[in-house]
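J.: Sequence:
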Amino acid sequence: MNTFGHVFRVTTWGESHGKAVGCVIDGCPAGLRIDENFIQSEMDRRKPGGEFSSKRKEQDKVEILSGVLEGITIGTPISMLIWNTDVDSRPYEALRTIPRPGHADWTYLAKFGIRDWRGGGRASARETAARVAAGAVAKLILRKYNVRVFGYAKEIAGIRFNVEDPERAFEIAERSPIRCPDPQKESEAEEAIKKAMAEGDSVGGVVELVARNVPAGLGEPVFGKISAYFAYALMGIPSVKGFEIGRGFEVSELKGSENNDP
144 MNTFGHVFRV
154 TTWGESHGKA
164 VGCVIDGCPA
174 GLRIDENFIQ
184 SEMDRRKPGG
194 EFSSKRKEQD
204 KVEILSGVLE
214 GITIGTPISM
224 LIWNTDVDSR
234 PYEALRTIPR
244 PGHADWTYLA
254 KFGIRDWRGG
264 GRASARETAA
274 RVAAGAVAKL
284 ILRKYNVRVF
294 GYAKEIAGIR
304 FNVEDPERAF
314 EIAERSPIRC
324 PDPQKESEAE
334 EAIKKAMAEG
344 DSVGGVVELV
354 ARNVPAGLGE
364 PVFGKISAYF
374 AYALMGIPSV
384 KGFEIGRGFE
394 VSELKGSENN
404 DP
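Numbering (my numbering), first residue to last: 144 to 405.
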């Protein structure tokens, strides 16, 4: 399944070392002013090439191919394209016939009988560039309702960050190369990452997401609960292995009176 959503539907396409990645948005209301500078700023926040991320250097310039006329959406599908410009498949040549542990190599081969061995193909985190482009358009819609969505790292390499005010945490994280909201622990987390990199390894982490001013009543009963859709969307991101909402698994250690709203 390459499509998410019912009213605002997003289909992503493309492979890591293909010519491009992109998305098609169905259901975006007509008359929305598209701020291309904002979309690009969101792409720049995701862009690789930093000290603590993939060394792949992509410009991630978004081209809007359809659905927008003179900066205004016209109600038809919005197609956005992001060219892959920094592609070198040579390091993957030795992996043509060797599925890598911890990757989707074997599962794609088992399902389709063929796999794109170049950089992880469709299962690469490169696919998330298309999600960010579509998400930027979604944010433009949410602006009209004063709904804000933001996030930051909550934990890296087992180092838990202290967050008292999510708004302030986001502001601090925006200035951090590792999206750390806790200045007192940022250096410790950076050193843990550098140590793992020097050993040819990596570390895990936790991201906290916050949505402000969300109207009551969103979602549908039982299988269409808003929390179920959050989990469905987020668990589709490469490397995501768990999802919590509210206090999550911590509630298993609480009494009902402690967990319920006052």
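Calculated directly from the structure, the hints in this document are not laboratory data. C-beta atoms are modelled at their ideal positions from N, C-alpha and C, and glycine is treated no differently. Among the hints, a few may not be true.
Said to hold, decoys possible - Label pairs and their calculated CB-CB ranges:
hint, residue 1, residue 2, range
1, 326, 354, 39 to 49 angstroms
2, 291, 379, 21 to 31 angstroms
3, 198, 244, 42 to 52 angstroms
4, 353, 239, 18 to 28 angstroms
5, 188, 376, 16 to 26 angstroms
6, 353, 257, 34 to 44 angstroms
7, 290, 220, 22 to 32 angstroms
8, 232, 397, 47 to 57 angstroms
9, 187, 353, 14 to 24 angstroms
10, 344, 288, 42 to 52 angstroms
J.: Next step is simple, just say for each hint if it's right about the structure.
T.: Structure-based check of each hint:
The supplied range of 39 to 49 angstroms is broken by residue 326 and residue 354, whose beta-carbon atoms lie about 25 angstroms from each other. The supplied range of 21 to 31 angstroms is met by residue 291 and residue 379, whose beta-carbon atoms lie about 23 angstroms from each other. Range check, residue 198 to residue 244: Cβ separation about 22 angstroms, and the 42 to 52 angstroms hint is violated. Taking 18 to 28 angstroms as the suggested C-beta distance range, the pair residue 353 and residue 239 does not conform, at roughly 43 angstroms.
At roughly 19 angstroms, the beta carbons of residue 188 and residue 376 sit within the given window of 16 to 26 angstroms. Checked against the hint of 34 to 44 angstroms, the pair residue 353 and residue 257 passes, with Cβ atoms roughly 41 angstroms apart. Against the hinted window of 22 to 32 angstroms, the Cβ-Cβ separation of residue 290 and residue 220 comes to about 24 angstroms, which satisfies the hint. Checked against the given bound of 47 to 57 angstroms, the beta carbons of residue 232 and residue 397, roughly 50 angstroms apart, stay inside it.
Taking 14 to 24 angstroms as the suggested C-beta distance range, the pair residue 187 and residue 353 conforms, at roughly 21 angstroms. Here the CB-CB span from residue 344 to residue 288 is close to 43 angstroms, well matched to the stated 42 to 52 angstroms.
Violated hints, listed in ascending order, are 1, 3 and 4; each of the other numbered hints is respected by the structure.
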